[in-house]
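Sequence order for the protein chains is A, B and C.
So in our numbering, spot 61 of the first sequence is number 50, and the numbers just go up one at a time.
To convert, count from 1 in the second sequence and add 2; that's our numbering.
To convert, count from 1 in the third sequence and add 718; that's our numbering.
To be clear, the hints were calculated from the coordinates, so they are not data collected in a lab.
One should not assume that every hint holds.
Unchecked claim - Listed next, the in silico DSBU-like pairs over lysine-lysine satisfying Cα-Cα at most 30 Å (straight line): (1) B:LYS284 with B:LYS216; (2) C:LYS785 with B:LYS74; (3) B:LYS216 with B:LYS269; (4) B:LYS393 with B:LYS446; (5) B:LYS97 with B:LYS76; (6) B:LYS249 with B:LYS284; (7) B:LYS284 with B:LYS331; (8) B:LYS249 with B:LYS393; (9) B:LYS76 with C:LYS785; (10) B:LYS331 with B:LYS393; (11) B:LYS80 with C:LYS785; (12) B:LYS53 with C:LYS785; (13) B:LYS74 with B:LYS88; (14) B:LYS88 with C:LYS785; (15) B:LYS445 with B:LYS393.
To be verified - Among chain C residues calculated to face chain A with C-beta under 8 Å, some are: (16) ILE722; (17) VAL723; (18) VAL782; (19) ALA793; (20) VAL873; (21) TRP910.
Predicted model, so just to flag it, every value in this text is computed and none were measured.
Note that beta-carbon positions come from the ideal geometry of N, C-alpha and C, so glycine has one too.
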Amino acid sequence: MSSLRERAAVTGRSLGLLVCTRCRATLRAIAAEEQRCPRCHSPVHLRRPHSLATTTALVISAALLYIPANVLPVMRTHTFFSDQDDTIMSGVISLAHSGSWPVALLVFFASIVVPLLKLIALGEILIAVTRKSVHQPQQRSRLFRLVEYVGRWSMLDVFAMSLLVALVQVQSLATVEVRPAALAFAGVVVLTMLAAQSFDERLLWDGESRG
Amino acid sequence: MANPVADRAGPPEEELPSAVPDPRRRVRLPYVWILPIIVVIAGAFVAVREKLAEGTSIEITFHTADDLEPNKTKISYKAVEIGEVKEIHVSKDRKEVVVEARIHRNVSDYLVQDTRFWVVRPRVTGANISGLGTLVSGAYIGVDVGHSAAPEHRFIGLEVPPIVTSGLPGREYILHAGDIGSLNIGSAVFYRHMPAGQVVAYSLDPGGASVTVKVFINAPYDTFVTQDTKFWQASGVDMSIDSEGVKLHTESIASILEGGIAFQSPKDSTASAEAAVDTEFKLYSDRERALRETDTVAETFIMYFQGSLRGLSVGAPVDLRGINIGEVKRLSVEYDHVAGELRFPVEVDIFPQRIRARARPSSVKNTDLSDVGGHTMIDSMVAHGMRAALKDGNLLTGQKYIAVDVVKGVARETVAWDAHPPIFPTASGGIDEITDSIGSVAKKLDKVPFDQISNHLIATMATLDQTLKSTDSLLRNVDASIAPQVTATLKEAQEAMKNAKEAMSEGGSLNNGLGDTLVQLSRAAKSLGALADYLERHPEALIRGKPADPP
Amino acid sequence: MSVIVCHACDLAHRADGIVPAARVRCVRCRAELYRTNAAGVDTPLALAFAALVLFIIANAYPLVAFKVNGTTRLATLTGAALGLYDQGYATLGLLVIFTAVLVPLTQILAFLYVLVPVRLGFRAPGQETLFRVLAALRPWGMSEVFVLGAIVALVKLSSEAEVAPRIALVAYGLLMFMLAAMASVTPTEQFWQWISRGRR
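Generate coordinates for the entire structure from the input sequences, incorporating the hints supplied.
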């Protein structure tokens, strides 16, 4: 490994080789505007075009949605006696109060911590890449992969809510109503997922290889 | 040193048999296929189980699908869920709603021809508030399982829950009335104020002149319905303010709200056999009319009264010293244009039977039973001075009644039998008495010398005032002159006490003397005591004296 | 190809033939370059069939039963998504349907479409397109997240009233495992090998 670091790493770019993102085939680049992978016919590029711009836009939108998603109520429970609004946090607290605190912890991590970490991690990566100061690309790379993998689990609150809405519809005893912040929350999850997809991981290593 | 296989020397190739490829293509599935096979079997198992558990499909037609929801509304029999509504759609002729439901398999034998279905919703009908639970749990479809043997899968739903579910013991009867009053389906039927049944249905008779009401009387009350039983409308509050006062009669609060019917057999009923199902009865408009003994004979008379007829109403009683012998039938106005005056004939019905029925047999002068109309009896009464007069029954309400009684000093009159209807002689009424008595009271009050009394009172008050004033000055006197004297006296007394104290104290003049005196006293007491002892031992000493001391 | 370029860090590697039944990683960033396994086409195919049956069960029957006040409410998978749609949040309903129903279904069907011809030895048109579709959909298949979400919902409700998981939930849980297994036995390189085998 150290021997590799000493000499400049040979990148595919320097050799004029591309990798197809879909099927991971290694291809020879040709001088054309639109290139396609011979194997799977998907468009191939040296680097994902507009990766930084797209990712930045998505991360910013997601960050904007994160505030209302957590501050405004995602769910309203109508009972015979009262109407109760619940934000994600209050849902976690009520779960903890009713004794099932492992589940409360799970929801807390999945719905509040994970999206926030995703935003922070992606933000940090983007800033680093923009400033072309890519130190420790290995750690960043690991962070990025973690973000990519873990992102989808934030959806679990959305699925739980869909079941609650479908089940708790006993007229005049209790009904559950979805509130707009749920849409914002789903937006955060989807947008961060799309952001992770649109980010070209190779950009992290470009600073080091300079090939 | 291993020799590679290729270098091994061996028999020449031609001598080696060449392997024959196996022509039969053995299709050997790898073990992994067991997994989907298991899943398919499990899936089939689940599917079959669900299908079997599904139950029988039925169709119920209603006018509206209000409160019914597909896949949600349940069907319950005696509060046990036996099925669910699956689908709802409008019928082809767009007049009805067809509800497709699934009934559990184990109760599929409930589905017979006379099984009935209806929607249970909150219903408020006067006496009856039902289905409130559905406000919380949502409406459901109620079932009444029939007794028929023929299975059925298409039903016409009832729009209203049936009053009587099958199997309820009791009997249905038919009543006829002039109008429905405040009755409704579900109105209660009472027997001696106890709820005994319900109105099940009513309809207008063809021709529109009367109403038929069907009632269901629950067991065991149905055993009290005989051929003689009378039914009457016990709706609301029967309040009559008449000459006899205010009468309030009601069966129950429910009947006030909802109307009701009551029944009872008259006291002199002779029939004892229970009435059969669907026996027809007349529905009377009130209790009195129902239980009244049938008066077969009624004699109509006209009476002309002086003064206003205000307060006399149709149905007002004709009273013979407290006994109701008839009632007012009609009030009208006559204008005699020849004489140029207005007359007010009052048409009354007299029931001679009532008079006779209550009379003691010996006092009945006329035992001629052929005198059905009681003419002879009435003539005799009138000859004795019986006249009809308007009397106040109730000062409060101004209700009047007709009193028939002997009036003193009245001119001879007879009943004008030739008029149609006959005219009964009258006398003036009783309002004058009252004005008289009021007048006398007023006069008496007038006589009381209120002026003098008040003057006297004033004088007394003045004197009292004076007295009080002098008392006041006296007290002031006391204060001024007597008080200091008293104070002086008190001071002297204080001085005396002080001296006394000094005298009493140690070294005081009194003390010494007192001490000596006390010693002497004690000595005396001792000797007295000795004497007493001696006397006790020698009581004779009192008489004989003390014997001389022995030497 | 004698050179393999890492898709994550663009580092060029020498490749001398595909290593069978191994997981080969990038020297620099440790991203997986490719993976092969010795299993035949049968394994993913069998898994795909099992997954299909499980999918049908998971959608045809209710997931959860919720009993309160004598009323039992059942929720199916599509019913849950429709519930969101009914309340006016069509986007959310679509999202749930997409990630929990449509993507897994497409994955199963695409698998079958590609692998059945391979197994039976003929070539079907559009296999490459379907591969692209599968690759694109992979991050959006959230069946396992749905199962966890369902568990969270169950726990939330169990404190209020009686809840019971139903057959569809079990089926969906098994489906989740099937899909994961299917993904693990069909790495990209292997997939193309099979497809090219079919071409012959």
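Going down the list of hints, with the structure as the test:
no., hint, verdict
1, B:LYS284 with B:LYS216, "12 Å, holds"
2, C:LYS785 with B:LYS74, "13 Å, holds"
3, B:LYS216 with B:LYS269, "25 Å, holds"
4, B:LYS393 with B:LYS446, "26 Å, holds"
5, B:LYS97 with B:LYS76, "24 Å, holds"
6, B:LYS249 with B:LYS284, "24 Å, holds"
7, B:LYS284 with B:LYS331, "22 Å, holds"
8, B:LYS249 with B:LYS393, "19 Å, holds"
9, B:LYS76 with C:LYS785, "14 Å, holds"
10, B:LYS331 with B:LYS393, "17 Å, holds"
11, B:LYS80 with C:LYS785, "20 Å, holds"
12, B:LYS53 with C:LYS785, "22 Å, holds"
13, B:LYS74 with B:LYS88, "8 Å, holds"
14, B:LYS88 with C:LYS785, "19 Å, holds"
15, B:LYS445 with B:LYS393, "25 Å, holds"
16, ILE722, "5 Å, holds"
17, VAL723, "3 Å, holds"
18, VAL782, "6 Å, holds"
19, ALA793, "4 Å, holds"
20, VAL873, "5 Å, holds"
21, TRP910, "6 Å, holds"
The structure is consistent with each of the numbered hints, conforming to all of them.
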